[in-house]
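> Spelled out from the first residue to the last, the chains are:
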Amino acid sequence: QSALTQPPSASGSPGQSVTISCTGTSSDVGGYNYVSWYQHHPGKAPKLMIYEVSKRPSGVPDRFSGSKSGNTASLTVSGLQAEDEAHYYCSSYAGSNNPVVFGGGTKLTVL
Amino acid sequence: EVQLVESGGGLVKPGGSLRLSCAASGFTFSNAWMSWIRQAPGKGLEWVGRIRSKGHGGTTDYAAPVKGRFTISRDDSKNTLYLQMNSLNAEDTAVYYCAHYGDAEYFQHWGQGTLVTVSS
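So the protein lines, in turn, are chains Z and S. Position one of the first sequence corresponds to residue 1 (our numbering), numbered consecutively onward. Position one of the second sequence corresponds to residue 112 (our numbering), numbered consecutively onward.
Excised from the complex, chain S in its bound form (with noise of 0.2 Å):
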């Protein structure tokens, strides 16, 4: 059974730094390209960026908002991946989830998210 399980939520001053982290089992991780989603209070889902498996050159791709803040990473060796974001401001609250690519450009499976708070 696929799970993936996120963690380092909580809250978090402007300005302030987290990491999360994703716990993967039940597939091949070192083989999948991750993501990462956020849900802010009320609204819909946002793409926030993802990561290739190092076979496809583990580059990655960040949406606008985050980009040159957020850091996807992935240790294969632990099955973990990672979202470091800096330079937090309230607009980045929201609810976290990883997902994992299916064969295209879908999430095939998705945790239950960890909620990061932005707030002074």
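Same shape as in the complex, but just chain Z (with noise of 0.2 Å):
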């Protein structure tokens, strides 16, 4: 069982937007601006999407968009387009002890 809880799917039509939840505690996500989101189609490397909640790295669209509120934080694709349809994962810095969770990824679906 992941750290993070990530809804196991998600979908939406082409131009749509859909945001995608990631939910820990005060101990990860709540506690530290240090959520990051990763693309991943199979097969390949994953991406970073968004880093330290909502910054967005060199060549990334702004359809992207990261934000967070207490535990919970959030991926919003907007105007959907064919190649977003991935496998989404969140991260969270946890303190020292366990410095990295993962959420159990969510299957981004374009209809």
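In case anyone wonders, no lab produced these hints; they're calculated from the structure. Do not take every clue at face value.
As the list claims (entries may be wrong) - Lysine-lysine pairs mimicking DSBU-like chemistry, simulated, CA-CA at most 30 Å apart:
{"no.": "1", "chain 1": "Z", "residue 1": "K44", "chain 2": "Z", "residue 2": "K68"}
{"no.": "2", "chain 1": "S", "residue 1": "K189", "chain 2": "Z", "residue 2": "K44"}
{"no.": "3", "chain 1": "Z", "residue 1": "K107", "chain 2": "S", "residue 2": "K154"}
{"no.": "4", "chain 1": "Z", "residue 1": "K44", "chain 2": "S", "residue 2": "K154"}
{"no.": "5", "chain 1": "Z", "residue 1": "K44", "chain 2": "S", "residue 2": "K178"}
{"no.": "6", "chain 1": "Z", "residue 1": "K47", "chain 2": "S", "residue 2": "K189"}
{"no.": "7", "chain 1": "Z", "residue 1": "K44", "chain 2": "Z", "residue 2": "K107"}
{"no.": "8", "chain 1": "S", "residue 1": "K165", "chain 2": "Z", "residue 2": "K55"}
{"no.": "9", "chain 1": "S", "residue 1": "K154", "chain 2": "Z", "residue 2": "K68"}
{"no.": "10", "chain 1": "Z", "residue 1": "K107", "chain 2": "Z", "residue 2": "K47"}
{"no.": "11", "chain 1": "S", "residue 1": "K154", "chain 2": "Z", "residue 2": "K47"}
{"no.": "12", "chain 1": "S", "residue 1": "K178", "chain 2": "Z", "residue 2": "K47"}
{"no.": "13", "chain 1": "S", "residue 1": "K124", "chain 2": "Z", "residue 2": "K44"}
{"no.": "14", "chain 1": "S", "residue 1": "K154", "chain 2": "S", "residue 2": "K124"}
{"no.": "15", "chain 1": "Z", "residue 1": "K107", "chain 2": "Z", "residue 2": "K68"}
{"no.": "16", "chain 1": "Z", "residue 1": "K47", "chain 2": "S", "residue 2": "K165"}
{"no.": "17", "chain 1": "Z", "residue 1": "K55", "chain 2": "S", "residue 2": "K154"}
To be verified - Quick look at which bits of chain S chain Z covers, simulated, 3 or more residues with Cβ under 8 Å:
{"no.": "18", "segment": "157-169"}
{"no.": "19", "segment": "216-229"}
Note that the coordinates shown come from a computational prediction; the quantities given were computed from them, not determined experimentally. Note that the Cβ used here is the ideal one computed from N, Cα and C, for glycine as well.
Please dock the two separately framed chains into a single complex, following the hints provided.
In structure tokens, the structure reads:
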């Protein structure tokens, strides 16, 4: 069982918006502004999409945005495109004893 | 262009050992904190451990399930990260990824992974 809870699946039609949640505790998501999101197409290298809750690396479309409220972080994908179909994983810093925790992943389907 | 290429995966019997390598290029490896992350079949990602740069002591941290069995090391002269895995069991079956930390607690780049299967 993963430390962070994500819905196993999410879906939306092209052009729509979809939000994926990532729920942790005050010891991880709620305690630090170190939530990151990764996109993973099977067989390929995972790709950083969002870091430090809401920052976007160079090259990531601004259709991807991140936020956090309390112990829950969210990834929103606006203007869905076919290539956005992938698995998405959240991650959070969780302190020096167990620095990194991940969510179980959400499979995003573009209908 | 940053590249991380893992190798060394394969089939190993329970109780056996395996060493994974990760060849890095496109960034200053000696300054980088590096990590190993794994994904068991049908499961989510699991952090395995990390190694700091020599400038930050070159020290390591490990996840509880692998502590005492796995060892992360680095050879900055070869731009290569290693994961020595001992006393392997079926629960260690996974695709193992190496990843490069960004400026803070996130993974800026990942490799494509190498599959480790522990089975008799």
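> With reference to the structure, classify each hint as holding or not holding.
Now the hints, each set against the structure:
no. : hint            : result
1   : Z/K44 x Z/K68   : holds (28 Å)
2   : S/K189 x Z/K44  : holds (24 Å)
3   : Z/K107 x S/K154 : holds (12 Å)
4   : Z/K44 x S/K154  : holds (16 Å)
5   : Z/K44 x S/K178  : holds (28 Å)
6   : Z/K47 x S/K189  : holds (25 Å)
7   : Z/K44 x Z/K107  : holds (15 Å)
8   : S/K165 x Z/K55  : holds (28 Å)
9   : S/K154 x Z/K68  : holds (25 Å)
10  : Z/K107 x Z/K47  : holds (15 Å)
11  : S/K154 x Z/K47  : holds (18 Å)
12  : S/K178 x Z/K47  : holds (27 Å)
13  : S/K124 x Z/K44  : holds (27 Å)
14  : S/K154 x S/K124 : holds (21 Å)
15  : Z/K107 x Z/K68  : holds (20 Å)
16  : Z/K47 x S/K165  : holds (26 Å)
17  : Z/K55 x S/K154  : holds (27 Å)
18  : 157-169         : holds (count 3)
19  : 216-229         : holds (count 9)
Checked against the numbered hints listed earlier, the structure breaks none of them; every hint is satisfied.
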